[in-house]
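Each protein sequence line maps, in turn, to chains A and B.
Mapping to this note's numbering: the first sequence position 74 is 74, numbers consecutive.
Mapping to this note's numbering: the second sequence position 238 is 515, numbers consecutive.
I should point out that these hints are in silico values taken from the structure, not numbers from a laboratory.
It is possible that some hints are incorrect.
[Stated by the list, open to error] Restraint ranges, calculated between C-beta atoms of paired labels, are given here:
#1 Ala312/B <-> Lys143/A: 53 to 63 Å
#2 Gly176/A <-> Glu286/B: 21 to 31 Å
#3 Gln468/B <-> Asn56/A: 40 to 50 Å
#4 Gly176/A <-> Lys295/B: 40 to 50 Å
#5 Ile400/B <-> Tyr172/A: 30 to 40 Å
#6 Glu107/A <-> Ile400/B: 48 to 58 Å
[Stated by the list, open to error] Think about it this way: if two alpha-carbon atoms lie no more than 35 Å apart in a straight line, the pair counts; the simulated DSBU-like pairs of lysine-lysine are:
#7 Lys298/B <-> Lys119/A
#8 Lys47/A <-> Lys295/B
#9 Lys47/A <-> Lys125/A
#10 Lys125/A <-> Lys284/B
#11 Lys582/B <-> Lys136/A
#12 Lys396/B <-> Lys144/A
#13 Lys298/B <-> Lys284/B
Note that CB positions come from ideal geometry on N, CA and C, so glycine has one too.
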Amino acid sequence: MQAVQVKINQKMAFENTTDSGNETKAARIVFHTKDLNLWYGADHALKNLNLNIYENEVTAIIGPSGCGKSTYLKTLNRMNDLISSVRITGDVHYRGRNIFDPTYHVEELRTSVGMVFQKPNPFPKSIYENIVYGPKLHGIKNKKILDEIVERSLRGAALFDEVKDRLKENAYGLSGGQQQRLCIARALAIEPDVILMDEPTSALDPISTLKIEELMQSLKQEYSIVIVTHNMQQAARISDRTAFFLNGECIEYDVTDTIFYRPSNQKTEEYITGRFG
Amino acid sequence: MGERQYKSEIRAHLASKKKGKWFERSISPLLTVLASISVLTTIGIVFTLLKEAYHFFQETSVWDFITGIEWTPFFASDPKYGIWALVSGTFTITVIAILFAAPIGLAIAIYLSEYASDKVRRILKPILEILAGIPTIVYGYFALTFVTPLLQEVFPELSRFNALSPGLVLGVMIIPSIASLSEDAMTAVPQAIRQGAYALGATRLEAAIQVVLPAALSGIVASMVLAVSRAIGETMIVTVAGGSSPNFGFHPMESVQTMTAYIVQVSTGDAGYGSTLYYSIYAVGFMLFLFTFVMNIFSRYISRKFREEY
């Protein structure tokens, strides 16, 4: 990504304090975003973002369509690299390392920062092959280990019991909700650190949605999760922290209860009470 | 609601349409007739082939024809009609063509669908299609007068007429259709599936080869089969540069004769109507028809069997 004009700030000083003053517990920072700006051509999509993502938490990003929440999420694993008109300034540090640093291989970043997409996108292969794709890609060839990974990942995504007898069948035979959990299992198979979820339940029915929400609660014990969602109830139910985005800016970012019950910005309050958006 | 301003016009139009209803009713039979022309033509061709081939098999045994490996129709005494001599010529050239064209065509398809920018793709695809539009006789003389001498520099033992040169040039001819059809199949693979691979840390090439290619397999195989089918039926290149020596076996360096080239040889010569020689071209033509027919069935089967619904 030659267009990334980043000043590689040498080692950022990392403290465990956070940007919100009323923080009680000192969590570890996974992503540190500093003065992040992003343009699609002439369109200024992200404006001076400064926020931290914390370990073993679910961080929700809410906001109306076009507010830049998905764009921000895709910046965290550099999926925006695929769009040639994108230009970025500012820094995003993942565990202390600038992800825009030319020496940071994007493939390496993506093995630590997994992603689940809006619509389930399993590969047109068997359930088994979907899970082992990542591990095989990164050099794991032992059949026994791969079998173990498949079982562990599927259990991790609460899907194992439903599919254990048809691992060799095509993934497209699964229901939408099962496909999405398969995609989560596929992400888990390479043992990531962070899982990014881009409206993972917007294409699913309420029961599948509930299953995925429950799953996220158990996943955050081991992973840090960042989720973009249109559904405010969902953000309130599942997240520890919530960021409210509007027109490319982060209007307010705080502990979820604070955002929903005592928002300090009027726009946040208007949005979560449904006055616009 | 406001005043209806156009309703009367719409009614008048409908009324005028009613009058012309006979026209609407005649459309369907008219199109049926037009569609049946191509079906009837095909039936007619097959019928002619069978009828004339039947005359041929009155004088030559079917068994000798489909098992024989010697093809000596011009011998005055005891001519031999063993089709495998011609089939092997066709296959030699087809195999060379497909071995040459498949990897290059596929590489072009991968480049166009996974790497090239929209701009590059918009320029390259029409150029490829121009390549597909060059008359085959031009390819034939290109093989004979340019490629063969060039190859003789490398392989001095290469005959003036040989299978290698027309095989390679035939390969060049079918590259565009392999590239274009495979590219269509790969472009049809949803972007979301690629992103799934990228998000797992796959590079562009890894995603292309491990995820996109298998997902587009039905279209790619269908393009290959179609290319083989075209190579089998191709006539001018092999007639001009392949030679006219029906020899059984795989001899890329020597003069060969394909089924199509034999038909050209006899029909441009002075074989008398009603002679065995004359009828033999229908028997060979029928063989050729069988091969391409089987390839087409195979291609349909493949694309149905491996079709992926995304």
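Here is how each hint holds up against the structure:
Look at Ala312/B against Lys143/A: about 55 Å separates their beta carbons, and that is inside 53 to 63 Å. Between Gly176/A and Glu286/B the Cβ separation comes to about 48 Å, which falls outside the hinted range of 21 to 31 Å. At roughly 32 Å, the beta-carbon separation of Gln468/B and Asn56/A lies outside the given 40 to 50 Å, and the hint is violated. Between Gly176/A and Lys295/B the Cβ separation comes to about 48 Å, which falls inside the hinted range of 40 to 50 Å.
For Ile400/B and Tyr172/A, the hinted distance range of 30 to 40 Å is satisfied, since their beta carbons lie about 36 Å from each other. Between Glu107/A and Ile400/B the CB atoms are about 30 Å apart, so this pair departs from the stated range of 48 to 58 Å. A hinted pair counts as satisfied when its Cα atoms are at most 35 Å apart, and Lys298/B with Lys119/A does not qualify at roughly 48 Å. For the proposed pair Lys47/A and Lys295/B, the alpha carbon gap of about 62 Å is over 35 Å, so the pair is violated.
For the hint pairing Lys47/A with Lys125/A, the CA-to-CA distance comes to about 40 Å; that exceeds 35 Å, so the pair is violated. With a C-alpha separation of about 56 Å, the suggested pairing of Lys125/A with Lys284/B is violated against the 35 Å cut-off. Only pairs whose Cα atoms come within 35 Å are accepted, and Lys582/B paired with Lys136/A is accepted, the gap being roughly 27 Å. Restraint check for Lys396/B and Lys144/A: not satisfied, since their Cα atoms lie roughly 47 Å apart, outside the 35 Å limit.
Distance restraint check for Lys298/B and Lys284/B: the Cα-Cα separation of roughly 21 Å lies within the 35 Å cut-off, and the hinted pair is therefore satisfied.
Comparing the model with each earlier hint shows violations of hints 2, 3, 6, 7, 8, 9, 10, 12; every other hint is respected.
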